[in-house]
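Following the hints, position chain B against chain A.
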Amino acid sequence: MDWDIKTDTTLGEKVYHAALDPGPALYVLPRGGYNKKYAIFSTRFGSIDNNFRIEGDGGAEEIKVPDGVAHFLEHKLFDDEEGNAFDKFARYGASSNAFTGFTSTTYLFSCTDYFQESFELLLDFVQSPFFTQESVDKEQGIIGQEIRMYEDSPQWRVFFNLLGALYQDHPVRKDIAGTVESISEITAEILYKCYHTFYHPDNMAIFVTGDVAPEQIFEQVSKNIAGRTYSPAKTIERIYPREGQAVKQREIVQELSVSQPIFNMGFKDTYAFLDGKALLFRELATELLLEMIFGRSEEMYTQLYEDGLLDEHFSTGYTAETTYGYTLLGGRTKDPGRLMERIWEGIERTKKEGLRHESFIRHKKTMRGDFLRSFNSLEFIANNYLAYRFRDIDFFDVLGVLEEITLNDLEKILHDHLKEEFHAVSIVTPFPG
Amino acid sequence: MLALESRTLPTNINLHLVPIEKFKTVLITAFLQQSLEKETAAKTALLPAVLERGTRKYPTYRDIRIRLEELYGAELGLDVLKLGERQILAFSLEVIHDKFAPGEDLMRQGLTVLKSVLTEPFTEEGVFKKEYVMQEKEQLSKEILGLVNDKVNYALERCIQKMCAGERFGVYKYGNVEDLEDITPGGLYEYYQSLISENPLDIFIVGEIDPQKTFPLIEETFTFLRQGMKKSLPQVEVQNKPKKPRYWEESLPVSQGKLTLGYRTNTAYRDEDYADLLFYNGILGGFPHSKLFQNVREKASLAYYAFSRLEKHKGIQLIGSGIESKNYEQAREIIEEQVENIKAGLITDEEMENTKRALINQYKIIGDSPSSLLGFFLDGIVGNRDEEVDCLIERFGKIKKNNVVGAAQKVALDSVYFLRSADNEGSE
Chain A
2 MDWDIKTDTT LGEKVYHAAL DPGPALYVLP RGGYNKKYAI FSTRFGSIDN
52 NFRIEGDGGA EEIKVPDGVA HFLEHKLFDD EEGNAFDKFA RYGASSNAFT
102 GFTSTTYLFS CTDYFQESFE LLLDFVQSPF FTQESVDKEQ GIIGQEIRMY
152 EDSPQWRVFF NLLGALYQDH PVRKDIAGTV ESISEITAEI LYKCYHTFYH
202 PDNMAIFVTG DVAPEQIFEQ VSKNIAGRTY SPAKTIERIY PREGQAVKQR
252 EIVQELSVSQ PIFNMGFKDT YAFLDGKALL FRELATELLL EMIFGRSEEM
302 YTQLYEDGLL DEHFSTGYTA ETTYGYTLLG GRTKDPGRLM ERIWEGIERT
352 KKEGLRHESF IRHKKTMRGD FLRSFNSLEF IANNYLAYRF RDIDFFDVLG
402 VLEEITLNDL EKILHDHLKE EFHAVSIVTP FPG
Chain B
119 MLALESRTLP TNINLHLVPI EKFKTVLITA FLQQSLEKET AAKTALLPAV
169 LERGTRKYPT YRDIRIRLEE LYGAELGLDV LKLGERQILA FSLEVIHDKF
219 APGEDLMRQG LTVLKSVLTE PFTEEGVFKK EYVMQEKEQL SKEILGLVND
269 KVNYALERCI QKMCAGERFG VYKYGNVEDL EDITPGGLYE YYQSLISENP
319 LDIFIVGEID PQKTFPLIEE TFTFLRQGMK KSLPQVEVQN KPKKPRYWEE
369 SLPVSQGKLT LGYRTNTAYR DEDYADLLFY NGILGGFPHS KLFQNVREKA
419 SLAYYAFSRL EKHKGIQLIG SGIESKNYEQ AREIIEEQVE NIKAGLITDE
469 EMENTKRALI NQYKIIGDSP SSLLGFFLDG IVGNRDEEVD CLIERFGKIK
519 KNNVVGAAQK VALDSVYFLR SADNEGSE
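Those protein sequences? They're chains A and B, same order as listed.
The numbering used here numbers the first residue of the first sequence as 2 and each following residue consecutively.
The numbering used here numbers the first residue of the second sequence as 119 and each following residue consecutively.
With the rest of the complex left out, here is chain A (with noise of 0.2 Å):
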């Protein structure tokens, strides 16, 4: 087979990719001292795949599914007619697990010993469904109550208000599990639908990496793959409504059982499709402009912090999505609205005065170190690398984008980004008394 090999000489890493025919893209890093080997398999499929039209099959009905459904399906799909996958990998010692987004799902396992069997049965599971209504029915409780968790989890609720604030129609603000509602109407056939829909090979990928060999993973893979038959794939329109640029509502505020409150501002980014390195551009320099303005490093952070207005737990952030992208940050504070005009204070003051050169530099370099870092985790590496494949952009990319990018671009994302009309702002607040 043909190998296309990326070797990255900064990093010392080298990446194998294979193409499969059908699918999934195949890629291998081999990482050799690591005892853990660790593999996961991904299909583009998240939250906000909630309304779809697939080619053929006599026109291209519109379908619409329930809020949840892709993550439903995750938990799902680890059944199978003698029981379910995770008592399989089980009997490997192998951990498995499996997490749902906003645009993909991922299953992964990690072992030690019994790689190839443990591996054997990633592809098993995940190209093979098997949903009754039985035990559709049955998950309804347990994801009941994975939701009533994140109902009682500050940080989530704060995130997902404002998500709800930011956008008006986009499905990015929706939870990713559902609701308790929306989960009550899944049934089997909506399962297999979605399944067959978005679980082709043709949509999905797979990246191992820990001491393993290329080869043996590619003849696993393709043997695994060629047993099966699949029909050709079939294009997936993804229908997404028009979001405007205007923000839906400036501030939310919900009451939660808290010490204190909890500020999150957002920003909604304006594009409406993006991807490529023009994806990864744009989220690499907003993230080098949030940490040039809100940086522990930087002014404004020591001031609003010994005034106790944030805390250690302050954070910022930006997420590049093909469909959507946004400027998050915030933490806990004793006076969200002290701490929002603070903030205004610091971008109208950062817009004035200009950026500095000696902070970009700096700056600059954290990053590049930061990115470094992250490879001492398999984990980090496999994850990252599918998530930035799957909106057409090369993970080892980021140093070299992230040299390309200038003070002008950062001054003008400042400019055309941070401002008033598309922020918005959620805040956790205890309940009175």
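Bear in mind the hints are in silico, worked out from the structure with no lab data behind them.
A couple of the hints might just be wrong.
Below, a list of computed lysine-lysine pairs in the DSS-like style, where the Cα atoms sit at most 30 Å apart [said to hold, decoys possible]:
hint	chain 1	residue 1	chain 2	residue 2
1	A	K335	B	K248
2	A	K139	B	K417
3	B	K417	B	K461
4	B	K518	B	K474
5	B	K474	A	K15
6	A	K335	B	K255
Label pairs and their in silico Cβ distance ranges [to be verified]:
hint	chain 1	residue 1	chain 2	residue 2	range
7	A	G355	B	L335	48 to 54 Å
8	B	K361	A	E182	57 to 63 Å
9	B	E316	A	Q117	42 to 48 Å
10	A	G355	B	A121	24 to 30 Å
11	B	L199	A	D336	46 to 52 Å
12	B	E447	A	Q141	19 to 25 Å
13	A	V254	B	E390	32 to 38 Å
14	B	E390	A	Q117	33 to 39 Å
15	A	V254	B	T126	53 to 59 Å
Ideal Cβ positions, reconstructed from N, Cα and C, are used throughout, including at glycine.
Just chain B now, kept in the frame of chain A:
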């Protein structure tokens, strides 16, 4: 396999080097131990926060952060740990390895920053700067009160606090708010000086390093004055056979109730049969194949999570699960039944085999992360157990059902803590 090269400096600092090639970073961590006591816990916890605010060389927090960023975003982490009845201050600095930053000497420079934070605090009139202490008291007090924000942890911690109310282990790792109030910059500085010069101090370095060069480097870096005498801290109290389980309940406006059961294991980390206890915990609730996950979640659909975990140094096992408040009786019954079943020897061969493999897997990957390596070595120091990972792995292979039953039979239920969702609020 995981070679640890240790040496004790004349100043009574224990140095441990872990030369290991596969990481991109070099991690340096200093662990300073103190006995966990109600009177000193808040004071001890306040120290790292104040030290991180400024040093002689880098007088402000900002100066420190700028220096760290110049070192390719070296990560300085100051943490307060609670291991058994020890409160441990962890001062960590992680830099990328020099091979990724040609021409730099990041480890040496990072070490200078770490040393500065640990041993050369910024002072005014011979004591800690007043503003730093005052501000950090406020921040720490918020941190202590903030425990309630994470309900999963809150429920576990509350169970411990109730269960061990009269013991040192019942003290929260950050102490309590009342004990913060009286702390003065002078008093804290004095306390700091005694702690840094007398208490057990271990420094670890993990990464691609050359011990021949690193030992002298550390020796010349950490030249501050330490007492030559070894100060010994009190041992943890493990044995405890409760008479009748106690029950505690608290109501909060939450969606989900949190059930926590606290058991006394009567097995210490240093005990010969600790591996049996670990095995027992694995059968009961350490993994998805364990009895708790299988019965509370998979069979009864009562919860999303149901686990057991060990406070290994104290000899406590905690079981936690998030449930509908109305299902309290049923969930508790199922949980206790699982414990009783193991005591009665109702363990399948498959459960034995799965647990053995899962534990082996868990311990084999310890060496794959610098921080988990440090965790393992620190456990050994605090718990007086000098055993290599490989030996423990070998033990798992030899454990039989009767060993597990033996460990299980020493375990006794002490306290049940239930965080109930208040009637008028909660789920919508």
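- Holds or violated: K417(B) to K461(B), with C-alpha atoms at most 30 Å apart: Given pair K417(B), K461(B) holds - Cα atoms ~21 Å apart, limit 30 Å.
- Assessment of proposed distance window 48 to 54 Å (beta carbons of G355(A), L335(B)): violated (42 Å)
- Taking 53 to 59 Å as the hint, is the beta-carbon distance of V254(A) and T126(B) inside that range? holds (57 Å)
- Does the Cβ-Cβ separation between E447(B) and Q141(A) fall within 19 to 25 Å? Holds - the Cβ-Cβ distance for E447(B) and Q141(A), about 22 Å, lies within 19 to 25 Å.
- Message: Run the distance test for K518(B) versus K474(B): straight-line Cα separation, threshold 30 Å.
- Response: holds (10 Å)
- If you draw a straight line from the CA of K335(A) to the CA of K248(B), is it 30 Å or shorter? This hinted pair holds, its Cα atoms lying about 22 Å apart.
- At the C-beta level, are L199(B) and D336(A) separated by a distance inside 46 to 52 Å? violated (31 Å)
- Query: Has the given pair, K474(B) with K15(A), been kept, meaning a C-alpha gap of at most 30 Å?
  - Reply: violated (34 Å)
- Using the C-beta atoms of E316(B) and Q117(A), is the stated range 42 to 48 Å upheld? Once the Cβ atoms are compared, 54 Å apart, the range 42 to 48 Å for Q117(A) and E316(B) is violated.
- Query: Is K139(A) close enough to K417(B), meaning Cα to Cα at most 30 Å?
  - Reply: With a Cα-Cα distance of about 9 Å, the restraint between K139(A) and K417(B) holds, given a limit of 30 Å.
- Item | E390(B) versus Q117(A) beta-carbon gap, inside 33 to 39 Å or not | Hint holds: Cβ distance 36 Å, inside 33 to 39 Å.
- Item | Assessment of proposed distance window 57 to 63 Å (beta carbons of K361(B), E182(A)) | violated (47 Å)
In summary, the structure is inconsistent with hints 5, 7, 8, 9, 10, 11 and 13 from the numbered list given earlier, while agreeing with the others.
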